[in-house]
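Taken in sequence, the protein lines are chains A and B.
Every position in the first sequence, counted from 1, becomes a number in my numbering once 91 is added.
Every position in the second sequence, counted from 1, becomes a number in my numbering once 4 is added.
Treat the hints with caution; some may be incorrect.
Capping the alpha-carbon separation at 25 Å, the derived lysine to any residue pairs in SDA-like fashion look like this [claimed, not checked]:
(1) A:Lys93 with B:Glu25
(2) A:Lys93 with A:Ala110
(3) A:Lys101 with B:Ala12
(4) A:Lys119 with B:Asp75
(5) A:Lys93 with B:Ala165
(6) A:Lys101 with B:Gly42
(7) A:Lys119 with A:Tyr283
(8) A:Lys101 with B:Ala22
(9) A:Lys93 with B:Ala160
(10) A:Lys244 with A:Gln234
(11) A:Lys93 with B:Arg143
(12) A:Lys119 with B:Gly42
(13) A:Lys119 with A:Arg156
(14) A:Lys93 with B:Asp7
(15) A:Lys244 with A:Ala311
(16) A:Lys93 with A:Asn132
Worth flagging that the hints you see were computed from the coordinates, not collected in a lab.
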Amino acid sequence: MKPAPFAYAKARSLDHAIALLNGTPEAKILAGGQSLIPTLNMRLSAPALLVDINDLTELGRIARRNGQIEFGALVRHAQAEHSSEVGQLAPLLAAALPHIAHPAIRNRGTVGGSIALADPAAELPACLLALDGEIDLAGPSGQRTVAAEAFFKGLFETALTEGEILTAIRIPAAQSQDRFGFAELARRHGDYALVGLAAAARTPRDGSRTIRLAYFGVGATPIRARRAETALAGGDLDGAVAALVHDLDPDDDLHASAAAKHHLAGVLLRRVAGQLGERAA
Amino acid sequence: MSDRIDVAFTVNGEDVRAQVEPRQNLVDFLREELQLTGSHVGCEHGVCGACTVRVDGAIVRGCLLLAVQCDGRRVETIEGVSDSGDIADLQAAFCERNALQCGFCTPGMLLTAQDLLTRGNGAPSRETIRLHLSGNYCRCTGYHAIIDVVEEVALARTRQAR
């Protein structure tokens, strides 16, 4: 199919983008477009105006500051994937990025777009949750920062309010003792995950070990498996796998039943535990 | 609301000026306005890879980019890349090894394979080739011949470069 007609405007600055977005009802931001344009082509959405932010080069940078690594919203998936800084300071993202669609799509798709859309089967929202990251938003009434934990609210529903633009995300830069794990199962490499898991194990100076397990593809949002986290932090891998029954409540979908997803979540947990260096008890 | 917009960009090295409807995607523009029908329209939602073209040297989905977004850019299609001779060895090997049958996926396969082969990390493994081509559907060949060809050309080019 072909999209319904819409108007198009190129934003010259962030303020201009916010003004355009708020000046027309049913306006949408066009960043990478790799999820938006399919919905236009299928006429699943029909915005009145697309506000193209691709010229806002200031949103396209990866920067390290204050122990964090910041990704401007327009950083392309491929740009992050091939950045040596990301490989070093954000190894979880480096592991996840090659699973996002395919090279031609990663050349256009953006980090900010993946987070703002919040597809429940997408990799980056789960990574951001596992890493306890934060998200910068800008709107007509100024800027604010939201923790990943509070950002993903429901199916394709986030803390973004109407008229706001996601401008950047930040995650803590990896420390030498941190360990990360990532695994997903998809019908074809690059397709949306049937089930996926992003995990971070950190040992702060006081020696207390924290493990965060963020599943994707098993609910309306990325989901922390908190009981499994506790069990795994105590060295009980079997207990962690068993706890997933209580942590996750996936629905049947076209590709897998809820029971199959539960099973696969356990398979992924065992794989990821190995990557985190957790020994099987 | 959907007034046409002036755009100017190059396609295969030639200047193109046009007034486009914002909703027209790049591959439709190339096929319908410029009669460059080598880029194919398959799924129209980024899954099949038949519409792969290059913009500013990077492969993209022609169905997931609007023509109006290409203002000021450098677009290359299979026609231009064929004429350049850059992929003559790939094309000959595709024929030689029966890596195409109906040919619908072939332009996208060729551009995606060439993208991998110009990354300059030596000859890629079969696994790397499979991952790189994972976004390009072929419904005829079963992929093995395509992987064979890309591997063969990668090795041949690496030998030549020595």
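For each hint, the structure was consulted:
1. A:Lys93 with B:Glu25: Holds - the C-alpha atoms of Glu25 (chain B) and Lys93 (chain A) are around 12 Å apart, at most 25 Å.
2. A:Lys93 with A:Ala110: violated, 28 Å
3. A:Lys101 with B:Ala12: holds, 15 Å
4. A:Lys119 with B:Asp75: holds, 20 Å
5. A:Lys93 with B:Ala165: violated, 45 Å
6. A:Lys101 with B:Gly42: violated, 30 Å
7. A:Lys119 with A:Tyr283: The given pair, whose Cα atoms are some 23 Å apart, holds under the 25 Å limit.
8. A:Lys101 with B:Ala22: holds, 17 Å
9. A:Lys93 with B:Ala160: violated, 42 Å
10. A:Lys244 with A:Gln234: holds, 20 Å
11. A:Lys93 with B:Arg143: With a Cα-Cα distance of about 24 Å, the restraint between Lys93 (chain A) and Arg143 (chain B) holds, given a limit of 25 Å.
12. A:Lys119 with B:Gly42: It is violated: about 32 Å lies between the C-alpha atoms, which goes past 25 Å.
13. A:Lys119 with A:Arg156: violated, 31 Å
14. A:Lys93 with B:Asp7: Holds: Lys93 (chain A) and Asp7 (chain B) sit about 17 Å apart, inside 25 Å.
15. A:Lys244 with A:Ala311: holds, 8 Å
16. A:Lys93 with A:Asn132: The given pair, whose Cα atoms are some 5 Å apart, holds under the 25 Å limit.
Of the numbered hints given earlier, the model fails hints 2, 5, 6, 9, 12, 13; all others are met.
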